[in-house]
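Participant: This is what each chain is made of:
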Amino acid sequence: MADTTSYDAIVIGSGISGGWAAKELCEKGLTTLVLERGRNVVHIRDYPTMNLEPWELPHRGAISRQQLKENPLISKAAGYGEDTAHFFVKDRDHPYVQEAPFDWIRGYQVGGKSIIWGRACQRWSRHEFVAPEKLGYGMSWPIGYDDVAPWYSHVERFIGVCGNHDGLEAMPDGEYLPPFDFNCVERHLRDSLRTKYTDRHVVQGRWAHLSKPNPIHLQQGRGTCQARNLCMRGCPYGGYFSSNASTLPWAAKTGKLTIRPDSVVHSIIYDSAKGRATGVRVIDAHTHAVTEFQARIVFVNASALNTNLILLNSTSPRFPHGLGNDSGVLGHYVCHHNYRTSANGKVAGFEDQYWYGRNPTECILVNFRNLGKQDTDFVGGYTTFTGAYRSQPEPADRVGGAYKDALSKPGPWGIYMYMQGETIPKESNHVRLHPTQKDQWGIPLLVTSVKYDENDDKMIRDWRTEAKAMLEAAGCHDVETRDNHQAPGLDIHEMGGARMGRDPKTSLLNEWNQLHACKNVFVTDGACMTSTGNQSPSILYMALTARAVNHAAAELARRNL
Amino acid sequence: MPPMNRREAVRATTLVVGGLLLTSNGLVLGCAREPARIAGRVLTADDQALMEEIADTLLPTTKSSPGARAAGAGAAINLLLSECYEPEQQVRVVNGLKELRKKCDAEFGRAFAALTTQEREQLLRELDATALRAKGHYFELVRELADRAYFSSEIGMTRARRWMLEPGKWVGCVPLLPGQPSWG
Numbered sequence: 001m002a003d004t005t006s007y008d009a010i011v012i013g014s015g016i017s018g019g020w021a022a023k024e025l026c027e028k029g030l031t032t033l034v035l036e037r038g039r040n041v042v043h044i045r046d047y048p049t050m051n052l053e054p055w056e057l058p059h060r061g062a063i064s065r066q067q068l069k070e071n072p073l074i075s076k077a078a079g080y081g082e083d084t085a086h087f088f089v090k091d092r093d094h095p096y097v098q099e100a101p102f103d104w105i106r107g108y109q110v111g112g113k114s115i116i117w118g119r120a121c122q123r124w125s126r127h128e129f130v131a132p133e134k135l136g137y138g139m140s141w142p143i144g145y146d147d148v149a150p151w152y153s154h155v156e157r158f159i160g161v162c163g164n165h166d167g168l169e170a171m172p173d174g175e176y177l178p179p180f181d182f183n184c185v186e187r188h189l190r191d192s193l194r195t196k197y198t199d200r201h202v203v204q205g206r207w208a209h210l211s212k213p214n215p216i217h218l219q220q221g222r223g224t225c226q227a228r229n230l231c232m233r234g235c236p237y238g239g240y241f242s243s244n245a246s247t248l249p250w251a252a253k254t255g256k257l258t259i260r261p262d263s264v265v266h267s268i269i270y271d272s273a274k275g276r277a278t279g280v281r282v283i284d285a286h287t288h289a290v291t292e293f294q295a296r297i298v299f300v301n302a303s304a305l306n307t308n309l310i311l312l313n314s315t316s317p318r319f320p321h322g323l324g325n326d327s328g329v330l331g332h333y334v335c336h337h338n339y340r341t342s343a344n345g346k347v348a349g350f351e352d353q354y355w356y357g358r359n360p361t362e363c364i365l366v367n368f369r370n371l372g373k374q375d376t377d378f379v380g381g382y383t384t385f386t387g388a389y390r391s392q393p394e395p396a397d398r399v400g401g402a403y404k405d406a407l408s409k410p411g412p413w414g415i416y417m418y419m420q421g422e423t424i425p426k427e428s429n430h431v432r433l434h435p436t437q438k439d440q441w442g443i444p445l446l447v448t449s450v451k452y453d454e455n456d457d458k459m460i461r462d463w464r465t466e467a468k469a470m471l472e473a474a475g476c477h478d479v480e481t482r483d484n485h486q487a488p489g490l491d492i493h494e495m496g497g498a499r500m501g502r503d504p505k506t507s508l509l510n511e512w513n514q515l516h517a518c519k520n521v522f523v524t525d526g527a528c529m530t531s532t533g534n535q536s537p538s539i540l541y542m543a544l545t546a547r548a549v550n551h552a553a554a555e556l557a558r559r560n561l
Numbered sequence: 001m002p003p004m005n006r007r008e009a010v011r012a013t014t015l016v017v018g019g020l021l022l023t024s025n026g027l028v029l030g031c032a033r034e035p036a037r038i039a040g041r042v043l044t045a046d047d048q049a050l051m052e053e054i055a056d057t058l059l060p061t062t063k064s065s066p067g068a069r070a071a072g073a074g075a076a077i078n079l080l081l082s083e084c085y086e087p088e089q090q091v092r093v094v095n096g097l098k099e100l101r102k103k104c105d106a107e108f109g110r111a112f113a114a115l116t117t118q119e120r121e122q123l124l125r126e127l128d129a130t131a132l133r134a135k136g137h138y139f140e141l142v143r144e145l146a147d148r149a150y151f152s153s154e155i156g157m158t159r160a161r162r163w164m165l166e167p168g169k170w171v172g173c174v175p176l177l178p179g180q181p182s183w184g
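Quick mapping for you: the protein sequence lines, in order, are chains A and B. According to the numbering used here, the stretch in the first sequence is residues 1 to 561, in order. According to the numbering used here, the stretch in the second sequence is residues 1 to 184, in order.
Treat the hints as calculated values from the structure; they're not laboratory data. Worth double-checking, as some hints may not be accurate.
What the hints assert, rightly or not - With a cut-off of at most 27 Å between alpha-carbon atoms, the simulated BS3-like pairs for lysine-lysine come out as follows:
(1) LYS63(B) / LYS409(A)
(2) LYS212(A) / LYS169(B)
(3) LYS135(B) / LYS346(A)
(4) LYS274(A) / LYS519(A)
(5) LYS169(B) / LYS69(A)
(6) LYS426(A) / LYS458(A)
(7) LYS409(A) / LYS169(B)
(8) LYS451(A) / LYS373(A)
Could you put together the complete structure from these sequences and hints?
Facilitator: This is how it looks when you write it as structure tokens:
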């Protein structure tokens, strides 16, 4: 199969949604080619740092001055470290043009950013799908919670998500493995907020970790999470979900999968006579040789902004402004999550309590803003992640044996919080192709033009007030809140540009993630998002992907595609 | 340091420590000569030895765990300072060590390595008090480097604190026993 250029399906990208497309397509019996622009990364084999002790790293985990100097942008990313840097791109290799500051964080390899993702897996509430239209700050999704719910379940069961059943409207329950325990101060925080408020729920993290694997996980070759919390190095146990540990090897077992690393996609080929996409044009990352691959359907899962780039670069007489872009909407309504604000406070007491191991999850303080109705001076909701930790002691005498022994002990407790806020999809927030500048493969550079707005500032003000009040309600002193004014993109939750919608005049994709104007092309990564909601998005991409593949396979069987 | 197994890492550390112990005995320090440079490092062999003496005064061997010298803090400090700190900070440390030598000479008439533990501690407490008052004082960096080098070493992480690569499980709430170290 490796020599052929013709497949039933092509998937562009092997990250979290591309891996799911591959798995589902192969399971439907379709021969599937996965194109990945980066190098190959095989589970376990290609995790060079996974078992290194911290003192075995060249700089004991610190980033060298040289590396920082060469990578001022990517080194800002959450999780970037001496032990994980090889799963992030190098700044110089992949330029783009920032019309406004935008930190575009990328991981180009088989598995994409699924190796280095945050792993939070909350479901959207039913309100989040309709709020933008209902409350007047955007467009409604063509689908609702009930359309996605069974696919959430489908994904949760396979990837393994730990979590508690909390029965909350703002964050519906899913199919969960046992949650990671609260520590004693997190439990205290939960109880304090329960006493003081009626709408503030601190729940255990819903994270893609195998707290207690089921047979389906063991069949994937994955085992119990060992509470190392070194996830982003790649996990030798497959304790957290990644394409590499899970969907890709699963797809390979069907015998239907071909993965082609080092394959930079130039564009999708559209045949106007046939009125459909016929394949994908690929440039070899090293030799720059051009190859065309053919397929009956194409899944675009290149990561939100690269999916925009590929569609914009897929021009033809029929689609001079990019594939499926009759409306001119392609590249617009790019949005992200507001990650600018955080808080922390110190907690007296609990000195005789500790924990064992390293919790790879965080607690979730479920959204309580604008849930189904407008109740603030800003639109959208926010999720808060929180946790309690023991800080380093600050002994008064800072010289000698007592000092060293004091620093070796756990210090006072503290609680941190940070916000993940919804942003408004706006026409003006967009990406486009640079008219002249090109990358080393001759592909136009992407121009990013994405900004925060006044609504984001108002949300931050509200969050800081509430976070301070909640930390104080839990008995914290020395509470500090801050707005770090980080650029959009550093959230690594960029979304939109090829949004789903009912009306082809205002959206790119229909309710099955098909291009309205080119039905055999599906977009099921972050680019498809109509709005951002306030939950972590990856699991929604996975659920939408599985749902779209199911539809695609049915349509193929009916000879509609 | 390329990836190596734990046994090799420990052996390498021990050798370095042996070499530095030699210099710290004053066999080399008293000689009039060009200070020995270490390839790719900001601190000379003498400065590295002095840094290790300072680190070992700040973080000495106690009943509960070996100290900074045993952890090979000098070489680690030199590595971190040389490769992870800004040139301006490197200069501040190098000049700071010169200043410290002068101070030793003026106050005690002897090199730092030749002082008693009590004298060393007294000197560093003075410097610490000064550094707390004056932002940007070199001793702030010296302390940071010492703490960092020690608590990122195998000894600091596993003998002082209790780091484990593989805890195996998570338990949210357990009693903290008297004297129990942090997990690191």
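Participant: Sort out which numbered hints this structure fails and list those numbers smallest first.
Facilitator: 5
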